[in-house]
Structures are given as structure tokens and as C-alpha cells.
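Q: Chains as they are written, first to last, in the numbering used here: chain U, 1 to 508; chain L, 509 to 1561.
Please note that a few of the clues may not be correct.
Between beta-carbon pairs, the in silico distance windows are [claimed, not checked]: (1) L:Asp1085 to U:Val488: 57 to 63 Å; (2) U:Pro311 to L:Asp1085: 27 to 33 Å; (3) U:Pro461 to L:Asp812: 43 to 49 Å; (4) U:Thr240 to L:Pro1372: 45 to 51 Å; (5) U:Asp26 to L:Thr986: 25 to 31 Å; (6) L:Asp812 to U:Thr468: 17 to 23 Å; (7) U:Pro311 to L:Gly825: 45 to 51 Å; (8) L:Gly1099 to U:Thr296: 45 to 51 Å; (9) U:Pro311 to L:Thr777: 21 to 27 Å; (10) U:Leu34 to L:Asn984: 26 to 32 Å; (11) U:Pro461 to L:Thr1431: 30 to 36 Å; (12) L:Asn954 to U:Thr29: 30 to 36 Å; (13) U:Thr468 to L:Lys784: 20 to 26 Å.
No wet-lab data here; the hints were simulated from the structure.
These figures come from a predicted structure and were not determined experimentally.
C-beta atoms are modelled at their ideal positions from N, C-alpha and C, and glycine is treated no differently.
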Amino acid sequence: MKFKHILLALTIASAALTGCKKQWLDINTNPNQLPVAVPSYVFTGAVNRTAGFIEPNELGSYWSAQWTQSNTYIISGSQFQYIFNNTNFNYWDTWYDILNDFQFVIDNADSLQQPYIKGPARVMKAMIFQQLVDVYGNIPYTQALKAIGNLSPKFDPQQAVYEDLIKVLDTAITDLRANAFVSGSQATDIVFKGVVASWIKFANSLKMRILIRQSKVAGKSAYIIAEINKAAATAEGFLTAGLDVTSNPGYVSSTGKTNPIYDRWGYAASGATQALGRYPRPTTFLFDKLKATNDTFRLKRLFYPSGGEGPTAGTGTKAEVVSNYVAVPYGASSGYLSQNTSPLGPALIVRGQFNSSVVVMTAAESFFLLAEAKQLYGGSVTLAGTAQSYYEQGVRESFRLSGTASLAATALLTSGIDLADWAASPNKLNAIWMQKWLALVNFGGFEAWAEFRRTNYPVIPKSAAAATNAKLPLRLFYPQTEESSNGVNVKEQGAIDVFSTKIFWDVD
Amino acid sequence: MLVCLCSLTFGQTRAISGQIKDEAGVPIAYATVKIRNSSTGASADAEGKYSINAKSGDVLVFSAIGYNILEAPVGSTSSIDPSLKKMEGLIDEVIVTAQGIKRRPRELGYSVARITNDDITVGRSPQLAQSLSGKVSGLAVFNVNNSVDPAVKIVLRGYRSMTGNNDALVVIDGLPMPPGSSTMLNLLNPNDIESVSVLKGGQAATLYGSDGVNGALVITTKRGTKGKARVTYSNATNIEQVSFLPDYQDQFGSGSHYAVGFGAAGYKTDYLARMKDNWRSYENQQFGDRFDGSLRPAGRLLQDGTYYELPYSAVEGERRRIWNTGVTTNNQLSVSGGNETSTFYLSLENNLANGVVPEDKSRRTGVRLAATTEAGRLKAGFNLAYVQASYDRTTFDFYNETINQAAHIPLSKLRDWKTNKFASPDAYYNDYFTNPYFRLDNDRQNYGDANFQGNVELNYKVAEWLNLYNKLGIVNNTRIRKNTVGKYTYTPYAKTGAKVPPAYDQADGSGITRTVTDLAGSVYDATEVENIVNNEFQIQANKDFGDFSTKGLVGFSLYDRRYKLVEVSSGSIVVPDIFNVANRTGELGGGEQITQYRKYGYYGDLLVGWKDLIFIHGSARFDGTSKFYKPSRERDLYTYPYYGADVSFNVTEILPAIKSNILNYAKVRAGYSKNVADNIPIYGLDRIYPNGAGFPYGNTVGISVGDLLPAPDLRPEKVGSFEVGTEMQLLNNRINVDFTWYTQKTTDAVVTARIPNSTGFSNLLLNVGETKNWGYELDIRGQVIRSENFNWELSARYSYNDNKVIEIFPGVNEFQSSGYSYAGSYVIKDNSFPRIKAIGYVRDPATNRVIVNKSNGYPLSSGPLKDLGRALPNKIAGWGTKLNYKSISLSANFEYRGGHVIYSDLGRQMTFTGSGGWTEDRTPHIFPNSAYDDGTGKFVPNNDVNIQEAEYTLWVDYYRNITENFTVPAWFIKLRDLNLSYNFSQKFLSKVKFIGDASVALYGRNLLTIVDSQNDFVDPEFSFTTGNGLGISNTAQTPPVRQYGINLNVTFK
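Using the sequences and the hints given, assemble the complete structure.
A: Laid out in C-alpha cells, this is it:
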């Protein structure tokens, strides 16, 4: 009897104890997130994120005195008093995060039979790395993006990064030439819809951006000229008239899915006005420059009259006469309420146009780069046009992007006014720089700030909110996140003073 | 006929008397006698003589401090002279330990505390977790937020894991609950709880596998007791009030920085003139000029041409009046009973709570049924509970909204936003923060749980010494949630017509209109289902071999947890007040989340005793977990062993010579265990590629590479624990002392390390860290007075715990684990963790003076954040007292925690709004205790540089950003509970035939809270998360509350 019970017990026990198989644990595959990725999809996501990352452009617009803020909100201390530390303006993390996506594309495109996406990814990578150098100087580059392969990447000298980016773009062009987009894959390219030639033009224009930025660095001319000539020698050339670099995944009218600029400063998907639209306002400095050349066309396109957009989409509440356009003194912290000043204009935000594309780089900028190259190096560079022709095309392209008025552009170019009319401008570089600065309003704040640091022109004022003895910031701090996780390498860069530690190309 | 007669005699109550003596025949003074399962009782006199009314069939329970309990059935005689056996050890109560194993205290080689139902229900908290605060050494219950759905975090002996789970395992009737969730605890009816065993260390919880590494709360619910059915009804009604608010200023009204800025043309040098310029009728900030009692408009011109005119002076008491008085009513009915072979327990509960946040309410309605039966060798039982809970709360940050309202606004009069024209969102005075009462109504969340929990237990006695046991437990919780924001369309006048008072129309002749945005309305609907199945099979054997006794078991455990969330949402609705995603414009939002986790374990446990004096105990477990499983992984990466051993020496019995009147009993114990914790998130081995933000756009797909990088060789972390302790009884068994010292070392710690973004990833999950954790605990319980009518018991607890980060990973000395960019909690090498870091002042190291800018007097701030202290208390003390005088009893429990700091984001917000009392000095002044660089790099005391604009800029742009200002010592003393109860005498009750027992009690919880004088902000227990990031609070936690109420308990005959 007793024995029977024990036997029974042992039978049940052994059945239970041995019943477990390995398969029972085999449930550990994440059902919520993709465990693998296709490079082309990653490319699309990363391009969209690059275009949607508008903070650097916003800060650039403020720090190049194109925009300031209305006083409906408290004006930001960090932006206008120049009081900030390594926890402010952390663009680093986002940029490296995006770069990692492009690196993933570059690394996996071949093995996953999507070689056509390598070239575009390299172009994007070069563009972002340049931006990193432009605000941080020395950055992790050769040892960066290695995941677990290198957890504390060393920093590379900024100039070396710059030089390598030209090589990256060379490789990109080679890749692009060799691998056309296959049929059906064009949709993944939300920039040029699979037109390889356009990517090569973009790559060449980016080269110009990188090269001209170094124009004041001593001893660089020969290198710059040689590289420009290489780019000029390509069949595709540079961004042509009408060919801006823009991104559009097919924005839809749904929260979080509209054009990010429209969403931030314009309207919510529901059509409601966004409160943040009360922030950015033109500076009186900008208006003064526009008015100096009677450039009321762009003034009225880049901004709305005070009171903002009216019942008719794309036009102001108030009559579109210059007196109704109200700018704010740069950095003024009181007295300029949003209601009484001019918000961002129809060139950027029109109610209902939630699906307009985001501008990544303008054709106008490319022409101004060519104009400067020709002006600086003359016959040494094998660019077909003259400085004047490039300059005038740049101005026309800027007018086109702001609202297609070639007559107004012609009027400006023949106005006989300094800094507008090439012939009437005694200092050609100043004219190029001024018109480029204007062309970057609303479409390239980051670039405007970088170019100001290089050229010191136009001579932008200090923010009114800043202390009397304050200096203009010339760069950003290495972010606290990098400092706390890659401290040794950050420390090796020495003490950073954002008001005096200059980027290598910022020589005067 | 005979049956009839029997029942007659059974029902008859008569006096039973006798004398209570010890084994030697010496009378025991003031011993007590009780009738089992009733509250009828009596005390013996100094000679041990007693008398009590009882009937045949009753069982008398005799007890006296220091003696074993003796039970004697009432037979036909009317005299019982019991002889109580002197207790050799501690009170031989049975303690439930891991996996339901029952042990006597003398057998235990590790620290276990037992909390009984009486201790839990003394403060009548409807939540179990709160009622455990301060009652056990080593246990810290953090009341992270108080609301009608309170959040708690339960931690035993501090943190071990830098980024993983540190929460104590909660086991309800043998079923381990998912870590870190308050839901299951909030659904429990505290009255249903028989006892809670607190297994403080990993040693005690080895048998629970990796979940037990942080210690465990083993909750046992009530079973029926044999005997006649007892029906108990209880009602508790309590009210809840805000106990303290932050320090508010009452000197300045609405205003912001409107005066001409420093350095600009027209700048006014008189700060009073600037303050006048700063005043605005529509501001949320409170930087206007000083209150002067004059009649001023608030807000804008109303459509009817009037202004909301208010006296410009603070409305007294308004800051408090906006909070409600909460009311909670709890009704309980329970029935318990059984016969010789079966028992049952049935309870019903309804708990209704109205919170301090207006309109917040919750309800919990539950039923529990437990039954056991015996049939020969088989013993079977089940326990089922079904609870429905519903919560109706606002989703928006009411607290933050109210600090953005000036002190002269009679906010509580603006509740009726539908009919009061000044309260209507269309005309509400504040341009930036709308009427909080409107938001309360408009932004709601309704969610509720339908919770089914149960287990079936089978016991089969194979032989006298051999038992088969199986317990199957399940949990099924369905939570249904709907969050809504009402649609609201502003009037055209509100949008474009409402002008500010003429004096402030910016002199452009048009006046200004504010930008109000219509609310599109939104709806979010979600269903969450959680399913847990757990089965424990055990072969239990107990056998004595001569002087040796053995108790052993081997077991097998299977655990499966599934969770699924499906959600749909829309950010815009068409027809107002119809909250269904079908009634929307735009795309349908939503998502889905599924997790499944499985674990199996084999375990064994063996206790060997020698002469009931020395016990050696060992346990071991071998687990496999799905979290670390991949078909491609080596077996030893997902399976792992644990083991532990401990000894218990009952010293005074081994060496009777050391026994004296002073030392009555002593036991020493020691134990070591090696535990393992599978401390990674579910699916933590997988790299993920999430959709890019906004994707898909139609057919356009966009993916990004996830930022978290799991190391390829991830494995569970290891925790080695060692503890020694002693238990003693002193001074004629009047004082119990329990002391434990422990140390724990975690190696191979899983760390989610912040790695440089330049690697392409932001976080790396790997086994590399090492931490230490150590401390000691002391519990003292004493019988100060014991006499016939008066008993006084005191208890005190003290625990000290510290931890240290030995290694994070090479090259990394710290990382942020939680919080804000300007203040957060950090893990720092060679320090305790977590620690609070915040932006600090720059100080002269020689004098500690604050360095200010010589040109404008503003304080400078440190670039990198400064370490300001530990986030967890290292000292926790509890103090309890229990007084009994005849039928009246009074008890109280205090708790102290200290040694840590807390950062309050509320303080920062209140500095921005200018509502904080600390912003009151707005006259030009020198920054207190400051110095400046005299231009040569030397710091000189600042006696002459006034702050440039102390009426605004100092506070908003400087003081606010120096978050050190809002990081304060977090120590507190709380009167956790206080209970004064009265038991109605039997004499009185005998007049009411159907009542057997009745008591009434007045009680309170957190009646008293003392905090540091620098803490102007918040209850230091609060935190914005129930994760590891304690020590950071914000406006999402409402002010702390005190509760008091009345409780009535009736047992029916």
C-alpha cells in the first residue's frame, strides 16, 4: 500500500521534472519591433529625420541675426543672452544617431542587394559630418560609428575630417555612377526620386560648400582649386537652376506626419494655429538689409504682415504693404508682441500646405558658392561661368524659391544699388556674401551662421538681451552626454570657450 | 430528542474559571484567556485566577508572555486549570517562507519578518503597501505618488542593480507578480490578508529564482477557520486633506518682463517703476508690482464690455482651497467558518475614494472565496478573488496649472466654467494657462481593471513523512482605458476681439488679441491583458532520525506571463463629446505590444536539525529563462544555478549556563547565498529597428537603427549575499532583540550604459558592472508594562543601508540613469547609487561664497552638473507604541528616513512663475553670501554689486536654472498611523442578541509630517517614477495628504 503511493508519487514527479524542453523557452523573439532592417528603408527614414531636424537651422537663424523672437513668450536666455552650457543645443547626439543609420545603409547595401542606395547615403553622411565639424571642431570620425567595436572613439583633427569628406563624396559619386536605382526602388529616394545625376550634382555642390568654407585657411588655395576643378570636370556639374535639394516622404495631414516646419511654426494637422508660431520673427537688421536694396518682394514672401496669415491662405490679415511688416530688434526682450510683428511668411508656411517639401540645400547657395570660387580664384578654376553670372543666378534662384518673381529679381540685379547690382557693388565678395545671407533666410539658418563666422559679413549685431560685454558664440560645447561617456577623449580637445575657441576655418 | 438536548446545552453560556499556572505549578500573573475565533476574553489576576463566560464546544486559548499558547476545549466541567509550558525560544508562531514553506523561527538561518493582519489594518489604509511603511526594518515603501490610484515602490535593503530591477518580489498566495507594478497590490483588500512575510535578503528568497534576488513580500490571504460561521462587517470612512503645500509668496501679482530691458533706450533705473511696467492683467507669471489692494482688471475686456475687476491683494487660503477634501468609504463583509474537515472564507469589499484633486475618484469592488477540505490522504483547497476597479482621473497637470495662477485670483470661485463668465475659457483672465477647472473637466482618463486571481492547491499524503504538493495559480487582469480631451471651439471674440486694458495695448492703437487655439479633441482607447500562470510541484519529506530531524523538498516550477496591449487613438474628433475613434478626422493612430516571458526551475530545500537546537539549511535552484534564450545561444547562457546555505544556533539552549534573568534566550544565525537575476528587459537580446517618426507615410516606409546595443554575450547578473544575525529575549522575556548584518555583492551586473553617441548608439546593455550593498538592521520590541488592565508595548526599528558602485565599465565613471538634463539621478563609480546631480553655483573654494558676475551681480552657474547627494535614504527608523487599557487601545507608528536628497522640479517651475515664497526678495539686493572675481582672478566678498534686476531676471534666468536651489535634504519624520479603538464590553453587547463583538476606532494616517526646513516644496517620498530614478519629483505628484477617519467593526453571532 505504502509502496504503491510512493511509486505513484515518483511517477508523477518524474513526469513533471522531465517534461521541460528547450522549445518551451523559444519565445524570445521580439514581436513588437523589427529585428532586421532593409537598407533602403533605413535610408528613407534617415533622410526624413535629417530634413526634420530643424533645431540647428533655427539656432543658426537666430545667431546669424536673421530671426529673433517676439516677446509673447519669454525670450530664451540661452539663445539671446548667449548663456548656455554643455546641456544646451545638443545636436551631436541626433546627428550621430542619424549618421549611424546612413552608416548602416552603406555597410549593408551590397550584401542586401541594394547597391544603388550606397551613394546617396554617403552624400548625406558627408553633409552631416561637415555640420558636426562646423559647430564642434574636432570630432570622432575614423573611430566613430563602430558600435561595440569602439566604445570610446578618439577625435580626429577637424581639418582631416574635412579633407576626408571630399573623398567620401568622391566615393559617393563613383557609387552613384555604378549603381542606378533599380525599377521600383525610386520611391525610397524621397529627395531626387532615384535620379542619380541629381545626387551627383548635390555631391558636387556639397564639395563646394566644404571647399569654400576653407577659403581663408592659409595655404589651402591650391588644394581647393584642384578639388573644385575635379568637381567642375564631372559631366553632371552642380545643382542647376530649379534643382533644390528637398525632402518629402509624402507628408499627410495627420498629427506628426505633416511637414515639420509647418507643424512647428504653422499649423497642427487639425488646422489649429501652433503656439510656437509666435516665436520666430524677422530682425530689424534683416529688414533693414532688404529695404536697403528695395527688396520688398522677398520681404513680403519670407514673412507675413503683422497679424499673420489671414482668412485667405498665403496672404496676410493686413494689407501687404511694407508698412504692415514689422520686424523686431535682434534679441529685444520686451515690447514686441507676436500679434504686432511679422511671422514666418508664405515662402515657408501657407495654411493647408502641410505637404510641402523641406529644403535641405538650395540651388541658390550652390550658385553663390560658384560665384565666390570664381571671384576668389579667377581663371585658376575651370568653372564655365563668370562670377557675375553665378551671382545673378544665385539671386534669381533665391527669388524663385521665395515665390517665382523673375521681374523682381531682375529689378534688384539692375537696381544700381550696392550689394544688389553686381556692377554697382564695389566689393564683389561682400555682394556675394550679402545676397547669400539673404538667400539663406528661412531656408538655411545653420549655413548662414557658419558663413557669418567665416566671412564676418554682413556684420551682425549682438543680441539686445546679451550683456554689454558679451561676445558672439562661435561654436557649441561638446555635449554633456559625450563628456560623461567619452570623457578622456573630450578632455583631450582642451578647454572649450565657445566665444573664443574657433573652428579651423574661422580664421579672423 | 437527544439531538435536541445536545443543541440546548451547546448553546448555553456559563462561567468557566480556574487558575493559570506554569509547569512548576507557579501561578502566572495577568495571563489572558480568550475564546477562539471571538474577541471574548479576560485577564487573570495576580494569582493567575480567571473567569470567563463560555459554552460547551468553545475552545479557550490561554496565553502569557514568554509561554507557549495552550488551548483547552470547554467540556462539561466549569473549571479548567491550565498549565502553560514556558517558551524556550521565541514565540513559536509559524512563519511562511519562500515557496510557502512553513518554519519555526528557531529554525531560520536568515532574517524574516512577519506582519500580521492587525499591523496591516491598524491605519485602515485601503492599500496594503502604504500600511507596511515603517513596520519592518530593511523595508522601504516609497509612496511615490498619492492619488486615487497611488503608486508605490517597494525596496528591501536598498539597490543592488544599477539599471535593472530593484523592486522586492511580491508573491500573493504563492504566485509571483510582475516586478515594479503597483496594480496588483492596489487591487488587494488588506482585510483579506492573513500575514505578510518579509524575506529581506536573497538568502531567504533563493527558492523564487531570479525574481527573489531583491527579497520578497510573501502575502498569504485568509483561509477559513474551523468552527461556527462568523460574519464580520466593517466600515471605514476617512477624509483626506492636503497636509502641506509648497511655500507660496503672497506679495506680488501677475506680471512678466515687460519693462524696457537693461541697456536699451528708456531703461528705468527705479526698480519700482520697472515692476509697475512689468504688471499685466493676463500674465501667468507673478512678477507684477507689490499688492496694494487697489481694484484692477484681471485679463482682457469681456465681450459684454466689462472687466473682471479684482482687488489687487492675495486671496488668503486660496492655494489650499483649490484642493478638495477627499473622502474614502470602505465597506467590508466577511464570512468565515468550517467543520472538522473543511473551512471556507468569503469576503466582499467595496472601496470608494474621492481624491484631493477635484473630480478624481476610484472604486474597488471585490469578492474573495477560499475553501479547504480534507478527504483521507488528500487535502485540497482553492482561493479565488475577483476584483473590479475603476479610476476616473484627469490627465493633465492640475498642480502645474495652479502655480501658474496669481495669488490675487480667487481661483476656487472659478470652478463653474460653463456659466460663470469670468471662468469661461473664452474669457478666462490668464493668456497662457487656461482655467484649471476647465482642464479638469475636459482632460479625462477612465480606466479600470477586471482582475481574476486564484489558485488550486492539492496535498497528497503518501506516507506519514512524505507528501506530494501541487499548486496552480493564475492571474488574469484586463485593463480597459479611455483617455479623452473634449473639443472646444473658442468664440470669434475670444480669438480676435478680446483686448487688454488700454494702458497695456502696446501703444499701437489696436490693442492686442491673444492667440487661442481651438481644441480639436482627442480620444485614446486601449485594452491591456495580462495573464500569468504558475505551477509549483513539490515532493515534501519530513522525517526524524534519532536526534536529527530533517525537512526537505524537491520542486519543479513553471512560470508563464503574457501581456498584450492594443491601442487606437485619434487627435481630432468631429462631433463634440462623442469619444469614439470612428468620430474623427485624420489618420487612425494606434499600436500593439506583446510580451511573453517563460521560466522553469528545479529546486530543492533541506533543513537538518539536531535536537531542535542547531539547524543547518541549504537550498538550491536551477533555472532556465526565456529572456536569455536563443536557439543559437549556449545552454549556460540561459540556464543558471543558485544556491544558499545557512545555520541557526539556539545558543541559550545549547549552553544553558549562560541563561539568566537578563538573557532568556539567544540565537545566532548566519547564511550565504549566491543568487542570479535575469535583469534585462524582455526581448533585451534583440537589436531593434523601429519605424522612423511619422512612418509609414502612406506607402513610404522609413526605419531607423535602434539606439540600444545589446552585447552578444549577455547573461544574468550574480548576487552573492552574506548575513549574520542574532535574536534575543531579555529581562524576563520582556524585550525581543533582532539584529542582522549583511553584505551583498553584485557582479556581472547588467548595465544599460550610456555610451558616446559617436559610436552610433546611445546605450549599451552588457554585463560588466559590479556593486556592493551592505547594512544592518535592528529590531527591538519591549513590553514596558504588563498588568491586568494596562499593557504597553514599544517597538523600535533601525536600518542602515549603503551601496557602492565598484565598476561601471572601463573608461566610464558615471552615467545618468533618470531625470532631466539640468538635474537628474546618476550612477557614479566609487559612490553610492543613485546620486542626484544638479546645476550648481560656482563657489569660491576658500570661503564657499557664491561667485557672481561683477558687472551685474547675477550668480554664475556650474557648467557640469554637481553631485549633491544620495537619492536613497541610508537610514530608516521606525518607532511604534501600543497601549491597552481595558477595552481601549491606542497605537501609533512613526517612521524616519534620512541621509538623502531630493530634487523638486516643482521648485524650478514655481521660480519661473514667481509663485514661490523664496522669490519674495525683489528689491535690488546683493546676492547673499557672494563674492566676485576682482579682475585678477582673486575672489573678493561682494559688498557692493547689486543684482541688476532682482524683480525678474534674477529669478527666471538665473536662480531657476541653478537647480541646486531645488535640491534639498529629503529626511522626514511621519506619523504613519495612529489608531484609538474601543471594544464594546460583552456585558454591553449581550443586550443585543445578534452581535458577538463590536469595536469602534478613530484612526489617522500621515497625520504628522516633518521635513527639512529647506524643503519648501514636496513630500520627500514622492518621485516622478516608480523606476530606479527615485529622488526626482515634479508637478505630476499632487501635494502630500493626511487622512483620518472612523472605523466600525461588528461581528455577528
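Q: With reference to the structure, classify each hint as holding or not holding.
A: Results for each hint:
no.	hint	in the structure
1	L:Asp1085 to U:Val488: 57 to 63 Å	60 Å, holds
2	U:Pro311 to L:Asp1085: 27 to 33 Å	28 Å, holds
3	U:Pro461 to L:Asp812: 43 to 49 Å	46 Å, holds
4	U:Thr240 to L:Pro1372: 45 to 51 Å	48 Å, holds
5	U:Asp26 to L:Thr986: 25 to 31 Å	27 Å, holds
6	L:Asp812 to U:Thr468: 17 to 23 Å	48 Å, violated
7	U:Pro311 to L:Gly825: 45 to 51 Å	47 Å, holds
8	L:Gly1099 to U:Thr296: 45 to 51 Å	49 Å, holds
9	U:Pro311 to L:Thr777: 21 to 27 Å	46 Å, violated
10	U:Leu34 to L:Asn984: 26 to 32 Å	30 Å, holds
11	U:Pro461 to L:Thr1431: 30 to 36 Å	33 Å, holds
12	L:Asn954 to U:Thr29: 30 to 36 Å	35 Å, holds
13	U:Thr468 to L:Lys784: 20 to 26 Å	25 Å, holds
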